[in-house]
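> Working from the sequences, and respecting the hints, build out all of it.
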Amino acid sequence: MDILSTSLVDWSRAQFALTAMYHWLFVPLTLGLGIIMSIMESVYVVKKDEKWKKIAKFWMMLFGINFAVGVATGLILEFEFGTNWSNYSWFVGDIFGAPLAIEGIVAFFLEATFISIMYFGWDKVSKRFHLASTWLTVFGATISAYWILVANGWMQNPTGMTFNPDTVRNEMNDFWAVAFNPLSVNKFFHTVLSGWVVGGLFVVGVSAYLMLRAKRLANTEETQDFARKSMWIGAIFGLVATILVCLTGDTSSENVAKYQPMKLAAMEGLYEGKAGAELIGFGIVNPSKQSYNDSVKPVICKVAFPKMLSWLSFGSMDAYVPGIRNIIDGGYTTPDGGTAVSFEDKVAHGKEANEALKNYRIAKKNGDIQEMAKQRAIMDAHFKYFGYSYLENPEQTIPNVPLTFYSFHLMVALGGLFIIVFAVVLWMLYRKKMKPSKWLYLLVFCIPLGYIAGQAGWIVAEVGRQPWTIQDLLPVQAAVSKLDVSSVQTTFWIFASLFTILLAAELTIMVKQIKKGF
Amino acid sequence: MTYIFLQQYWWLIVSLLGAILVSLFFVQGGQSVILSLSKKEEDRVKLIGLLGSKWEITFTTLVTFGGAFFASFPLFYSTSFGGAYWAWMLLLLCFVLQAVSYEFQKKKGNLFGSTTYRVFLMINGLLAPILVGVVVGTFFTGANFTVSKEQIYDLSNPIISVWNSPWHGLEALWSSPLNLLLGAVVLFLSRVLAMLYILNRAKNKDFDDAVAKKMKKRLWIYSVLFVFHFLLFLYDLLTMSGYAVNPSTSEIFIEPYKYFHNFLQMPAVSAILLVGVVLVLYGCLRTLFSKKFGSGIWFAGSGAILAVLSLLLVAGWNNTAYYPSLTDPQSSLTIFNSSSSYFTLNTMFYVSLLVPFVIAYIAYTWKVLARKETK
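Chains as they are written, first to last, in my numbering: chain A, 1 to 518; chain B, 1001 to 1375.
Honestly, the hints are just simulated from the structure, not real lab data. Each hint should be verified, as a subset may be incorrect.
[To be verified] Just some of the chain A residues that point at chain B, by a computed CB distance under 8 Å:
1) Thr83
2) Asn87
3) Ala98
4) Phe120
5) Lys307
6) Met308
[To be verified] Listed next, the in silico DSS-like pairs over lysine-lysine satisfying Cα-Cα at most 27 Å (straight line):
7) A:Lys297 to A:Lys229
8) A:Lys57 to A:Lys302
9) A:Lys54 to B:Lys1046
10) A:Lys124 to B:Lys1367
The C-beta atom is built at its ideal place from N, Cα and C for all residues, glycine as well.
Right, dumping it as structure tokens:
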């Protein structure tokens, strides 16, 4: 049992989470600021106004500082699939590896090549070539995000594959189903747009700070002017992005309801399903709730919107949304008209599939073709719940409810706040009321909030899908590498220290550069 | 296209990416001499600037190499990365140091001062080539692991690939001299390529004569060290036994002089090795003996790609186990038992057709960046 010890699985999860969360501190700014600085350079090329070149170069410099650590953490993340999740790498590597390889060939080289022109090519190439290079760098970063999110989306809604008992793994049979998995496509837009929101908040916040600091700089007037110009672009961009994030979030909830009902139930702290389910706007998860089937109220002090969860999830105010207990007990009618399978039955199916796989391979060794066909048919019939064979009790299928619940509601609340912030900034700019005042510090304060919203979103996505690395097919304890816990603990602390030091270095460098102004 | 063709093709692609990665290690070689290049700060800054516009391609090649290996031979990815944990982690850590150092070393507020980041670059410049060499060495010398797909239905312990050494990959450093020898070969090759690159830039007036003279002296030393270690490695390789696979039964057995036989049975690969070595030597010798010649890096760089490619091809082609298991020979990985499905390899084949296009735009942008004056 050592291999499946909670300790090893938990430390492996912690290490991956640590790397992913650090990575996601740097990537959103790359995606968002990248587009903003490209717009600024485009204005420079179109207007032939040197001011815009100076503005674009300032933001590019900040982009570069941020970019480096994102690259470093991304490298670790890619290889951790192999180092810490070796069984996963084999079980679905036939499908999962392809997006990573495409990401490298199509996106990374584009990004890595043209970023050199972006930084070193100002005096060596024409304006238009330079502008194209800047856009290509950002385009490379964005399509890189697409392919990694294709991989991530596929884990949450595995499609376009079949299990091959001869190789004991899942194999791709429809590339387009993998590449355009509806969950992945939506995830791409929702995630990238959230990066754009971070970019918008960053530009608005830093511009606000520079407006305040302008009087201490030699070029006071110029700084005020450049900061205002930047703020215009940042705020328009941020507002549009935040509205689009909300729209894609709506589609995202439909996908979660359809493919990952347990995650949806955890997001809302919904234990008992009902038709016309309410959407909680604010609430406190009851710490007294100990079990999924006790009678303790799951959420206290809540403010809720009647029937909205049903509407957001299934497009109907009266639709039935299953709760955690219902998903475990089964028996309710699913949106496609079927009857939900209980946890116990899923485990039974999973074990049937596992046993049939074993018998198939024995039959193959014995050259018994008839028996192979028979066992294959049994395995195929039950394979949908293969991963349940590794689970022992229903509690294992419930993600961390408080963490998922609070992260979801924090993310939504911050999204609402950002719309207000961007709208107010635009209104003040339009009315020419944006002047240095202490209130501008609020905009600086909003910068970390953008990151918090992004991290919260990822916590919902990843914690909410536990225990699955591949939905219903492979739980974390069957996906992990067989390592000493101490090895993973050691690398965890090495990475934690290293990433923290790098983050601190990045922040101090960035603050110094920002203080210098344009 | 047949499945076997695609398996061979993808081994070729992965080998090519590996070979390109090694030839791009001139960046690592350059990093390792930043502090000793010159006493003048402007020379050091110049070198960092020159390498700074190239390092990302090396880095990206590493990432793509990993991605392509994952996509085409996932069993290697799961077995080696999950098993030789510490070897890969060390390699990754030294690349993390590289990723931030170029950007951070010149910036105020970097917490540790410019020298620290330059030392980081030096650490990457030394460790990365050695570790890559040592890890690739295990493609020939093997490692202690087992692969048992039957394990998947052991519900309490379903892990397929298991590493049998508590050192998790670090044992490659002492388990076979060939591993270390290959580490030394890659290190000195990276140094040779770096010297040739710096001399090339000196011809373009990026460095003065004093630097060029110093680098030429070092080129002598590193060339001799490289050739010495390479010949030792080649001797070891050609005389050692290897793990062969019977294509009709999939049985794996030990074959004396396996790699020597591979070279004999694949004359095209032998020719690639020969041309590669000749190009490396030509690049070095002509640079050493000619005062005007500054293009040695192009010859030696191309030669390095060909030589490394040929070595990786003999590791996996001609019914050879490219990752021998010392614990259980039947667990050894071959391009047949570790590859992705026909569908995936075939799909990825079309993606790989983009590679020449990628190489073309990289070459073009490098050429553009090499221009000194604005048009």
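> The structure should be examined with respect to each hint, and the outcome stated for every one.
Going through the hints against the structure:
1. Annotation: Thr83 of chain A was flagged as interfacial toward chain B, and the flag holds, the nearest CB pair being 5 Å apart, inside 8 Å.
2. Interface hint at Asn87 of chain A: satisfied, since its Cβ lies 5 Å from the closest Cβ of chain B, which is below the 8 Å cut-off.
3. With a cut of 8 Å, the hint placing Ala98 of chain A at the interface with chain B holds, because the nearest CB-to-CB distance is about 5 Å.
4. Interface hint status for Phe120 of chain A: upheld, as the beta-carbon distance to the closest one in chain B is roughly 5 Å, under 8 Å.
5. Of the supplied interface hints, the one on Lys307 of chain A is violated, with its beta-carbon coming no nearer than about 42 Å to a beta-carbon of chain B, more than 8 Å.
6. A hinted interface residue such as Met308 of chain A counts as satisfied when its beta carbon comes closer than 8 Å to some beta carbon of chain B; here the least separation is about 41 Å, so the hint is violated.
7. Restraint check: the Cα-Cα separation between Lys297 of chain A and Lys229 of chain A comes to about 52 Å, which exceeds 27 Å; the hinted pair is violated.
8. Simply put, Lys57 of chain A and Lys302 of chain A have alpha-carbon atoms about 48 Å apart, too far for the 27 Å limit, and the pair is violated.
9. Restraint check for Lys54 of chain A and Lys1046 of chain B: satisfied, since their Cα atoms lie roughly 24 Å apart, inside the 27 Å limit.
10. Proposed proximity of Lys124 of chain A and Lys1367 of chain B is supported: the alpha carbons are some 10 Å apart, at most 27 Å.
Checked against the numbered hints given earlier, the structure breaks hints 5, 6, 7, 8 and satisfies all the rest.
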